[in-house]
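Peer 1: Sequence:
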Amino acid sequence: MNVTRTTPPRPFDVAAAFPQLAPLARTATRLHPRPGSPSPYDSSVGGPLLWPSSQPWLYCDKWHEGPVSPLLPVAQLYVRDVPLLRPPGRTDLLQVLWCPSEHPPEYKPTTELFWRTAADVTHVLASPPKPSEVQYGYLPEPCVLAPEQVTEYPNFLELGEGLRQQLSDWSLWKAAGVEIDDRYEAAPQEFYMNELSEAPGWKVGGWAPWGLTDPIARFCINCGAAMNPLLTIASDECRDYRRGWTPHEDQAVAVLDNDPVSNPPGIQVSDANHLQLYVCPTCYTHTDLIQ
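Start counting at 1 in the sequence shown, then tack on 20, and there's your number in this note's numbering.
In short, the hints are calculated from the structure, not lab data.
Remember, it's a predicted structure, so these values are computed and weren't measured experimentally.
The C-beta atom is built at its ideal place from N, Cα and C for all residues, glycine as well.
Listed next, the in silico BS3-like pairs over lysine-lysine satisfying Cα-Cα at most 27 Å (straight line):
hint	residue 1	residue 2
1	82	128
2	128	150
3	82	150
Here are the computed distance ranges between Cβ atoms for each label pair:
hint	residue 1	residue 2	range
4	243	271	43 to 53 Å
5	232	286	15 to 25 Å
6	271	301	28 to 38 Å
All chains should be modelled from the sequences, with the hints used to inform the complete structure.
Peer 2: Put into C-alpha cells, the structure is as follows:
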C-alpha cells in the first residue's frame, strides 16, 4: 500500500524574520503512520518485524509481577525510506520494541533498539511471542508509513533568553512584515510554537517536542557524547491548536481530536505524552525520555 502525505508550507519563513534561527534549522522525517497491513519487509509502526527465526526474542527485565513479558514491536524503519537514520556500519534497518507496561520509578515502558542488516535475514520468525497483558495505549495498531522530510526549528523552551524575548514581542513580528492571526497578539511566541517550530507526530530526527518537562541535555553513559533525537513516539499528530501541520491529504477529515488521522496507531504514552528516543552518534547506545 503506497501512502503519500504532504505537510502544507509554513505560513512564512521564520528564519527570514528572525535570522538567529537560521543556523538552528534541522531536517526531520515525519512518518505519518496510517492504517494498513505492512509486511516484515516494509517500514511500519506496529507491524511485523524482520526478525531472524534463529535469534531469541527480547523480554522485559523490569517486570516485577507475574510472568516475564515479551516485548512488542513498535516501529521498523528501513534506511531506504528514512535516510536520516544514519545507522552504524552496514546495517540498514532499525527495529524498536518496548514492554507494553509502564514501570516505576519513571513510569515509562522499557524500550530496546536493534540495528540490523536486512540482507542477512534469510528466515523470518513467523510467530513472535505475545505478552499476556498489555497496558492501555501500548499496543500500536499496524500502520504503513508515508515518510516526508520537513524543516524544523527548536522548541521555544530550547532557545536562548534573548531570542525568546524577541519571539514574544508582537512589535518585532509586525516590523518584519509578518501577518498572523490576531488571537496570537498577546502571546506571539505561541504562534511560533504551534506553527513554526517542531512538527507534531511520529518522526525521526529534528527537534524534540518539549513541554511536559524542561529541556534536558542527554549524554551517552558510555562515551559521554551528546545524544541526538532519534525517534519521537507520539500520542497524536493533529491536535486542534496544531492543525496547520495536518497534511493536505487529511484536511478534509481532520476536524476532531478523535478523527481518523489524529492517532492511527492508537498509542497513548503516559497520559497522551511523547516518548522521545535519543541515540549516541558514536557508540549507538540509546536512552528515552517522556516529554
